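Visitor: The lines below spell out each chain.
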Amino acid sequence: SQKIEQNSEALNIQEGKTATLTCNYTNYSPAYLQWYRQDPGRGPVFLLLIRENEKEKRKERLKVTFDTTLKQSLFHITASQPADSATYLCALEAGANSKLTFGKGITLSVRP
Amino acid sequence: DGGITQSPKYLFRKEGQNVTLSCEQNLNHDAMYWYRQDPGQGLRLIYYSQIVNDFQKGDIAEGYSVSREKKESFPLTVTSAQKNPTAFYLCASSPSGTGRIGYTFGSGTRLTVV
Numbered sequence: 001s002q003k004i005e006q007n008s009e010a011l012n013i014q015e016g017k018t019a020t021l022t023c024n025y026t027n028y029s030p031a032y033l034q035w036y037r038q039d040p041g042r043g044p045v046f047l048l049l050i051r052e053n054e055k056e057k058r059k060e061r062l063k064v065t066f067d068t069t070l071k072q073s074l075f076h077i078t079a080s081q082p083a084d085s086a087t088y089l090c091a092l093e094a095g096a097n098s099k100l101t102f103g104k105g106i107t108l109s110v111r112p
Numbered sequence: 113d114g115g116i117t118q119s120p121k122y123l124f125r126k127e128g129q130n131v132t133l134s135c136e137q138n139l140n141h142d143a144m145y146w147y148r149q150d151p152g153q154g155l156r157l158i159y160y161s162q163i164v165n166d167f168q169k170g171d172i173a174e175g176y177s178v179s180r181e182k183k184e185s186f187p188l189t190v191t192s193a194q195k196n197p198t199a200f201y202l203c204a205s206s207p208s209g210t211g212r213i214g215y216t217f218g219s220g221t222r223l224t225v226v
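Taken in order, these protein sequences are the chains called A and B.
Sequential numbering from 1 applies to the first sequence in the numbering used here.
Sequential numbering from 113 applies to the second sequence in the numbering used here.
Incorrect hints may appear among the rest.
Unchecked claim - These stretches of chain B come out as covered by chain A in the derived footprint (C-beta under 8 angstroms, 3 or more residues): (1) 153 to 161; (2) 210 to 216.
Stated by the list, open to error - In the DSBU-like style, the derived pairs of lysine-lysine whose C-alpha atoms are separated by at most 35 angstroms in a straight line are: (3) A:3 with B:183; (4) A:71 with B:182; (5) B:121 with B:169; (6) B:182 with A:104; (7) B:195 with A:57.
No lab work stands behind these hints, which were simulated from the structure alone.
Owing to the predicted nature of the structure, the values given are computational and were not obtained by experimental measurement.
No residue lacks a Cβ here, since even glycine has one placed at the ideal position from N, Cα and C.
Work out the full structure, taking the sequences as your base and the hints as a guide.
Guide: The following block contains the structure:
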């Protein structure tokens with residue numbers, strides 16, 4: 001069956017360090033993979049999209065990688081800040097021209 | 113400002129009642145979606161619509177109904193047939209019905225059965 005796995009429910013790091021969040025998937029062949037941020041009681045906010053033919057994408061302190069051989073995406077936040085504390089969701093297409101399927105998310109806590 | 117508006121923010125339903133959650137967007141997006149979020153379960157797709165007057169069932173459509181009479185509006189009705197309706201409901205939209213563009217989400221409606 002198709003599955004999206006985000007490697008742990010919670011990640012705690014010190015301010016200034018790099019946070020690395022993992023998204024693994026099985027039985028998908030997504031053309032696109034997306035990352036979202038969700039704060040408690042709010043809707044997710046789109047952060048980055050990476051295509052299957054792109055190895056890496058950057059936006060300010062954010063970096064996403066996409067390895068279709070390993071079926072994995074890594075999401076990095078460099079120089080993390082307490083304001084980066086939130087739940088981060090990965091999402092991918094279930095098939096060509098189809099809707100997004102979301103992972104359960106990883107909750108990041110950045111301590112001062 | 114363009115965006116998606118969900119209302120109400122909190123909703124309480126008695127057993128056996130139908131309730132309707134509102135979702136309005138002024139982004140001129142063709143596609144709209146309803147997701148349900150439960151603790152530890154992630155987002156699950158209830159219904160989606162890629163064009164006015166057309167919609168399809170998602171993974172957990174039982175006990176829910178929708179309509180898409182206008183491009184801007186995609187209301188969700190939680191019927192009495194939905195046995196466990198307490199959850200956080202999220203509406204989203206995108207320019208197209210594919211995963212090549214990020215979705216815009218509303219701020220959600222928290223539904224509680226009392």
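Visitor: Work down the list of hints and note, for each, if the structure agrees.
Guide: To see whether the hints hold, each was checked on the structure:
{"no.": "1", "hint": "153 to 161", "in the structure": "holds (count 5)"}
{"no.": "2", "hint": "210 to 216", "in the structure": "holds (count 7)"}
{"no.": "3", "hint": "A:3 with B:183", "in the structure": "holds (32 angstroms)"}
{"no.": "4", "hint": "A:71 with B:182", "in the structure": "violated (39 angstroms)"}
{"no.": "5", "hint": "B:121 with B:169", "in the structure": "holds (24 angstroms)"}
{"no.": "6", "hint": "B:182 with A:104", "in the structure": "holds (32 angstroms)"}
{"no.": "7", "hint": "B:195 with A:57", "in the structure": "violated (43 angstroms)"}
Hint compliance for this structure: hints 4, 7 are broken, all remaining hints hold.
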